Amino acid sequence: MQSSRPTALLTRCLLLAAAVAGATAMAAEPLHRRVDQLIAGKASVAKQPLAPPADDAEFLRRAWLDFSGGIPDAGETRKFIADQSPDKRAKVIEQRMAAPRFAEQIAEAFHIQLMERNGDNDEWRRYLTESFRANKPWDQMAREILGPDFKDEKLRGAGFFITRRLEKVGQQDTDYPGATRDAGRLFMGVDLQCCQCHKHLTVKDYKQVDFNGLFVAFQNTKLQEPAGDYRTKWLQEGLMTNKYEFVSVLSSVKGATGPRVPLGTEVEIPAYSKEEMWTVPPEPKTRKAGVPKFSPLRELAARVASPENPLFARNIANRIWWQLMGRGLVEPLDLNHSDNPPSHPELLDLLAKELTEHKFDLQWLIRELALTQTYQRSSLLPAGAKNPPEELFTVAKERPVAAEQLARAFLAATGEQERVAGGKGWEGIEGKKHTQKDFEKAFLTAFANAAKEPELSVNPTLRAALFLRNNDLALWSLQKRKGNLMDRVAALTDAAQIADELYHAILSRPPVAEEKTELAKYLTKHSANREKALGHYAWAMLSSMEFFTNH
Amino acid sequence: MNPLCKPWEHAASRRQFLGASAGTLAFGALGGMISPQAAEAMRKKEKQVLFVWLDGGMSQLESWDPKPNTEFGGPFRSIKTTVPGTHFSELMPQSAKQAHRLCVVRSICTKDNAHSSGVARIQRGDPKNRGVPYPFFGSAIAKLMGPTSSKLPPYVWVKPGSGGFKTEDAGFLGPKYGSLAFGDGKPPEDLLRHASLTADEDAERNELRELLNRRYAAQRRPTYTEASSFVFDTAQELMKRANIFDTSKLAAKELDRYGRTEIGQHMLVARNMLEAGVRFVKVGSYGWDTHGDNFNGSASLVPKFDRAFAAIVEDLAATGLLEHTLVIAMSEFGRTPRINGHVGRDHWPEAWSIAMAGCGLKAGAVVGATNDKGTFVKDPGYDIGAVFHTWFQALGIDTKKVEYDNNGQPLPLAHDDMQSIKEALV
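Protein chains in written order, with the working numbering: chain R, 29 to 579; chain G, -12 to 413.
Mixed in with the good hints, there may be bad ones.
Claimed, not checked - For each label pair, taking beta carbons as the anchor points, the in silico distance ranges come out as:
(1) R/Lys480 to G/Lys115: 22 to 28 Å
(2) G/Gly279 to R/Asp148: 40 to 46 Å
(3) R/Asp367 to G/Lys115: 24 to 30 Å
(4) G/Asn283 to R/Val319: 54 to 60 Å
(5) G/Leu398 to R/Arg129: 14 to 20 Å
Unchecked claim - Here's a subset of chain R near chain G, in silico, CB distances under 8 Å, partners left out:
(6) Gln199
(7) Thr202
(8) Cys225
(9) Ala476
(10) Asn477
(11) Val486
(12) Leu494
(13) His564
(14) Met573
(15) Thr577
Source of the hints: derived by calculation from the structure; they are not laboratory data.
Everything numeric in this text was worked out from a predicted model, so none of it was measured.
We put the beta carbon where it would ideally sit given N, CA and C, even for glycine.
The task is simple: from the sequences and hints, build the whole structure.
Structure below.
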């Protein structure tokens, strides 16, 4: 340990010198090159080999899952592998991002991340999809979500993020602390939960005032049912004239704060006269509440989602990185603080700075990251690398496939997408019609996490295993039906051709020689009951980790 | 051990007799007399838990701590038990015959008299507030002890109503440590092998899946694939034992002994699960909130519980499982000694009883006492935190040494300022 220290120091100095020397040259380079240089630099210091690029099939499946929310069909995969043009990967990224599915996919991913399986709502989903379709800047979206305008038809859906969290559950108190915590976690990457009652015991940056400054704005609201101009549930803000006082349960030290950006500055509560306080004064006779001129929620939303707030840009840069690479530069995603530095500090600084300069254009960041070698690396460990540290990003990390994506991939792979789509439905158990929605619901029940449980990594569960093994819907797809996968392979006689069809359709890649031989042997063994046996083979592939993960 | 023969051992039931002889002749030799699962579980001597939850609050005065002929005693008499000097309510004739195996704490004194908060508070052990929800006892054991070598899910809940994967018990441990619930005693959806498959076909396609996974994982980090194998194995073990979860296959004779009631049937399923090697089985029973007409209510409810509870204690003792199985029966609180205007009893956390048996506990013990009228505990009494310490201790988990790690935040297993109930432990 002792002897290696000077060497490490020396290497660091050399790197620093190289970085300074290269700074001017680097500025002209596109972001994705600079990202790769920083990743490669650290890997080489750690003496960890970089995995080679993913092969064409693995890359294509990854890009489809990330940007189209499903898997490519067999024809798409074959065409891509056959394509000889050197820029075919960049072209696929461009095509996938230009397709209408892209906005829906990013909206779905953000919905899962922001709502954490705690409810869904059509207006909310429409808001997200339309916003991503218009490539609305992230700071604007964040302001619309945190300081919602419930009267604007196009924007009111954004309010679901807060209103859902403030709905009463059973006899529990309205969960203002929960909404506060989630706003901090998801928009600034700081989990301030512990600071509700005292300063954080293990994180010195997080103070009690940081939680309470955000908390006052939420606690100042009341959830109201739809009525009049309000078509959705909405938040009525109260009049705030004084700071909120709190006491530490540990030290008994008192504090007071107005609305405040966590780890940032406090918003001054304006000293309005009684006449100035209201935009719409209350009507005591009709008991109609007024609209105060000072809106802590909107004031905070504007300051949280601002280039002036460094944690805002760092959080979204870290989360987009996590989305595409499977691991944040800062981990856990919601513990950004000075004693928990990113794995690549210069890289997160760079991403946050560039994203701010690009006016929080998420499409631009996603495209740049998709173009990196880091994103496009193989998920196979390079020869000689034993358990390489994940935080070096030398190998592509396996990522979870969301339940909705699994449902789509499952239907696409088995060739049943069309039969269940379009509300037509299929003749199911006991003559009931089943639709794509039923499928999605069943997959959500089997594969999605419990409410409020973030879906951050690949998570095989007993529930999912039982679903795959015994569920009617899952097994229905593997029965031979006109035009579906089982029908197509039943028509083939050559084992190699069958393998080719199955592997392309389900795992989005050609089979290797060993797999072809294996299937041929299996079919010989089951020649008497070939059709059923093929169904079992397809089941094994659909239940495998290769199908279950985004690798 | 006292070598002297105790009088109650002569009052052996048929089941006891068979159990005892099976013990001398070695397990398995007697075929159908003792289940192979029980024999297997006994050989391994892995610690297990049976947790009977009587939701709403059982009256201590109509069960473990009767006060006949007193101001608040109610109409029922008390009866002798197999432990000289210890009396139970006459509504518990079967449990009275098991008293020498039980350990009853009569001086429970807790803090919450509302169901909404009390149920969770009691089942979480009411630790000091650390700002995070603590796990229920079953989730705690699932985390601390994991599945037994049977590979069956560590925490199973047999309950009336809906089944499925219940994650809320797990608190900060995360949903992985929630329970697998058998609603109305029935297996959760998708547990039974699909009708279109034979056992052989199912096994073969599962081997194929493993083969594909091995190839996939050969050059990748192993973590996720291992996790996948683990859950598919667990599914396999559950499916293999589907017969023991099938209430339609319960033997008529046994059903008669346990009572042809909801709790009787569920307790029998629970026994089968314990014999199969489930680490922690919770049996839930609802409707114990007798604010009105407490005495008719108790006369109906208590004997149903009594019969089922006594039967399972007797069976666990006969198969030897009781030696390493901790048995607990309790509610979120007791009921008021004062009888209200609706001839009911209300919520009373001040003085109530918990019955336990088995692993690490003194058999035939009565710990603590209430005053003559049953209104308050004598001495300081024991809060649920002390009870949690006692349970952990009984299972061999040292609460002074072991703690949870909640993302770096160390948390004690049970209330920091409390200790186990020494008189209850061996």
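Here is how each hint holds up against the structure:
| no. | hint | in the structure |
| --- | --- | --- |
| 1 | R/Lys480 to G/Lys115: 22 to 28 Å | holds (23 Å) |
| 2 | G/Gly279 to R/Asp148: 40 to 46 Å | holds (42 Å) |
| 3 | R/Asp367 to G/Lys115: 24 to 30 Å | holds (26 Å) |
| 4 | G/Asn283 to R/Val319: 54 to 60 Å | holds (57 Å) |
| 5 | G/Leu398 to R/Arg129: 14 to 20 Å | violated (45 Å) |
| 6 | Gln199 | holds (4 Å) |
| 7 | Thr202 | violated (15 Å) |
| 8 | Cys225 | holds (6 Å) |
| 9 | Ala476 | violated (11 Å) |
| 10 | Asn477 | holds (7 Å) |
| 11 | Val486 | holds (4 Å) |
| 12 | Leu494 | holds (4 Å) |
| 13 | His564 | holds (4 Å) |
| 14 | Met573 | holds (5 Å) |
| 15 | Thr577 | holds (7 Å) |
Violation of the numbered hints given earlier is confined to hints 5, 7, 9; the remaining hints are satisfied by the structure.
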